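First to last, the protein sequences are chains L and R.
As numbered in my numbering, residues 1 to 114 make up the first sequence, in order.
As numbered in my numbering, residues 1 to 109 make up the second sequence, in order.
Errors might be hidden in some of the hints.
Stated by the list, open to error - The calculated lysine-lysine pairs, modelled on DSS-like cross-linking and capped at a C-alpha distance of 27 Å, are:
id, chain 1, residue 1, chain 2, residue 2
1, L, Lys57, R, Lys37
2, R, Lys96, L, Lys14
3, L, Lys78, R, Lys71
4, L, Lys57, R, Lys96
5, L, Lys78, R, Lys42
6, R, Lys71, R, Lys37
No lab work stands behind these hints: they were computed from the structure.
Small disclaimer: the values here were computed from a predicted structure and weren't measured.
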Amino acid sequence: GAGVSQSPRYKVAKRGQDVALRCDPISGHVSLFWYQQALGQGPEFLTYFQNEAQLDKSGLPSDRFFAERPEGSVSTLKIQRTQQEDSAVYLCASSSQGWHTEAFFGQGTRLTVV
Amino acid sequence: GENVEQHPSTLSVQEGDSAVIKCTYSDSASNYFPWYKQELGKGPQLIIDIRSNVGEKKDQRIAVTLNKTAKHFSLHITETQPEDSAVYFCAPGFQKLVFGTGTRLLVSP
Chain L
1 GAGVSQSPRY KVAKRGQDVA LRCDPISGHV SLFWYQQALG QGPEFLTYFQ
51 NEAQLDKSGL PSDRFFAERP EGSVSTLKIQ RTQQEDSAVY LCASSSQGWH
101 TEAFFGQGTR LTVV
Chain R
1 GENVEQHPST LSVQEGDSAV IKCTYSDSAS NYFPWYKQEL GKGPQLIIDI
51 RSNVGEKKDQ RIAVTLNKTA KHFSLHITET QPEDSAVYFC APGFQKLVFG
101 TGTRLLVSP
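Let the sequences and hints guide you as you build the complete structure.
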């Protein structure tokens with residue numbers, strides 16, 4: 001596709017529900033990143049993939065957060081037993097090589113936990 | 001971890017004026033220094049970046065200057081236009097991008 005695509009754009013979840021957020025990176029991009037952006041704040045790093053390998057997951061806030069990229073293209077961020085503090089915009093970005101090349105961001109998924 | 005601060009947090013200018021946003025960081029290992037622009041409801045978009053072996057880079061109305069010794073870099077926008085209104089983030093990094101808290105720029109016609 002022309003850019004990074006994320007779905008759904010908006011998700012409302014009841015507290016305790018599991019959610020899955022999808023990211024379709026730019027075709028051929030090796031690197032994929034997930035960020036969490038709270039209202040009025042800068043994006044915060046969650047995790048980084050190079051192809052299918054998850055090289056850095058130091059930003060995942062708890063073991064309720066899990067990300068995968070099994071075939072080195074589409075990625076899914078899963079949040080189990082959602083809590084109100086998980087409410088945020090989740091951004092996905094991809095780049096052609098490593099983290100230090102231009103990262104293209106999707107529009108994000110706005111998650112609201114009620 | 002990396003501590004990134006931006007100043008000012010908000011900046012209001014008249015169309016045609018210049019705008020300067022400063023970013024300070026703590027990790028001396030950082031070697032990549034991008035600036036991102038984020039419009040409402042959209043993801044951040046790279047507008048300019050610089051690497052640690054370069055002191056200044058310019059792209060039309062936008063420039064970035066880097067002072068590695070002092071650990072800060074700045075975004076300069078000249079001849080501002082209303083469409084420059086957005087939130088700007090610096091995101092210095094070594095092995096991952098660490099975003100600053102953002103600067104809301106408002107350009108009035």
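- Query: Checked against the structure, which of the hints given earlier come out wrong?
  - Reply: Hints 2 and 3 are the ones this structure does not satisfy, whereas the remaining hints hold.
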